[in-house]
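For the sequence shown, UniProt numbering assigns the number 1 to the initial residue and increments by one for each residue that follows.
Heads up, a few of these hints could be off.
When the alpha-carbon atoms are kept at most 20 Å apart in a straight line, the in silico EDC-like pairs for lysine to aspartate or glutamate are as follows [said to hold, decoys possible]: (1) Lys303 <-> Glu319; (2) Lys81 <-> Asp108; (3) Lys113 <-> Asp156; (4) Lys331 <-> Glu346; (5) Lys107 <-> Asp84; (6) Lys313 <-> Asp358.
If you're looking for bench data, these hints aren't it; they were derived computationally from the structure.
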Amino acid sequence: MKRDQIHMKPRERLLIGQLVEALNHAKTLSEIVRTTEDSLIRLTSADCMALCASRIGQPSLDDWLVAKMPEVYFAQYEEWKKDDFIRAANVRNPNRVMRDGDIIAHKDLQATKIYRIGQDMGVPLEHVMSVYLTQAGWDGNGGFSAYRLKPRPFSDHERDLVQYVAPHLSSAIQRCQVFVERELTGRLLEAQTAAQKTASLVLTTRFEVVQRLGPIDRLMEKWFTDLPGRLPLALLEKLNTAMSQSSFLQTGVGIWEMEGGRKTLRVTYFQLPPVGNKSYWQLRFQEVTHPQLIVWLKILTPKEIEIANLLYKGLSDKEIAHRLLNKKGEKNSHETVKKHLRHIYEKLKPFGVSNRADFMVRAHLPCEDEED
Numbered sequence: 001m002k003r004d005q006i007h008m009k010p011r012e013r014l015l016i017g018q019l020v021e022a023l024n025h026a027k028t029l030s031e032i033v034r035t036t037e038d039s040l041i042r043l044t045s046a047d048c049m050a051l052c053a054s055r056i057g058q059p060s061l062d063d064w065l066v067a068k069m070p071e072v073y074f075a076q077y078e079e080w081k082k083d084d085f086i087r088a089a090n091v092r093n094p095n096r097v098m099r100d101g102d103i104i105a106h107k108d109l110q111a112t113k114i115y116r117i118g119q120d121m122g123v124p125l126e127h128v129m130s131v132y133l134t135q136a137g138w139d140g141n142g143g144f145s146a147y148r149l150k151p152r153p154f155s156d157h158e159r160d161l162v163q164y165v166a167p168h169l170s171s172a173i174q175r176c177q178v179f180v181e182r183e184l185t186g187r188l189l190e191a192q193t194a195a196q197k198t199a200s201l202v203l204t205t206r207f208e209v210v211q212r213l214g215p216i217d218r219l220m221e222k223w224f225t226d227l228p229g230r231l232p233l234a235l236l237e238k239l240n241t242a243m244s245q246s247s248f249l250q251t252g253v254g255i256w257e258m259e260g261g262r263k264t265l266r267v268t269y270f271q272l273p274p275v276g277n278k279s280y281w282q283l284r285f286q287e288v289t290h291p292q293l294i295v296w297l298k299i300l301t302p303k304e305i306e307i308a309n310l311l312y313k314g315l316s317d318k319e320i321a322h323r324l325l326n327k328k329g330e331k332n333s334h335e336t337v338k339k340h341l342r343h344i345y346e347k348l349k350p351f352g353v354s355n356r357a358d359f360m361v362r363a364h365l366p367c368e369d370e371e372d
């Protein structure tokens, strides 16, 4: 039946008018549910309902919001999504409202896994009317489901009413996702200027990647061997541990570093202001080039390393001697320090170092880049 051919009672027209107005003003998915649940449930005579939308940056995963039913029902949805034949039928028929009776006989429905899941959770969903929502040019998707807890099927008229509303629902969900994505991007732009071109990731609190910014893919490929597009396991483990530490909980900012041959990968992570009632984390990645001294330390003895580090800080021979202690706990002589320095300069000749001046100039230079 075409939308303009639906016969509506005055009460239904009033509910749909209220519903469309609420949808036109909603800016987040939670606002859609909060402002429309009463109208939708009254319009369909449903006991409860659920709204879903694909996650920003992860269109294959869904976020579910429910009304008048336990949130736990969809908490583990990804685990039994493959068994959801109702959703599969909806996906094959996008933007078409379908009832369970259009897909499977009620007797057969009662023998399915998704029916048993509802029973086990104390949510005996006897009947469902749902629609998979999508639009041309929209990377994501959405959905709406109305449920009844008693064996009374949804009528043709109720299906037609939801079909009438479906385009408005679809547009509202898409608009909310775009709004949230733009606001999230705005938060990032506030935190960094375009000139910085910082490589970064934006994650949900469950460490799901929703945005990849700057030269992040190149850095990830260079530093990690995990599959492209996934958060590296080493980084995931570090973040999971670090974010539970008291120092991070107090400041909301943390740093993790991964040592390389001539560079260190520094990851700074912090929480962004909430967007659409959701929290996000930003991870900024920066390659820090080691000073040439780091390479030199690999060929020096422990005592020479100690002296080289003090020399690097600009201490004189006498100051170094004053700082150093021998095995007996006594200060080293000035001559002992000079002897160590001669050995250091000899070892560093291949690097163009033959005296203090050469050392001070070259030690602070960045290591030559390895081939990327």
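Hints versus structure:
{"no.": "1", "hint": "Lys303 <-> Glu319", "verdict": "15 Å, holds"}
{"no.": "2", "hint": "Lys81 <-> Asp108", "verdict": "19 Å, holds"}
{"no.": "3", "hint": "Lys113 <-> Asp156", "verdict": "26 Å, violated"}
{"no.": "4", "hint": "Lys331 <-> Glu346", "verdict": "24 Å, violated"}
{"no.": "5", "hint": "Lys107 <-> Asp84", "verdict": "17 Å, holds"}
{"no.": "6", "hint": "Lys313 <-> Asp358", "verdict": "14 Å, holds"}
Checked against the numbered hints above, the structure violates hints 3, 4; every other hint is satisfied.
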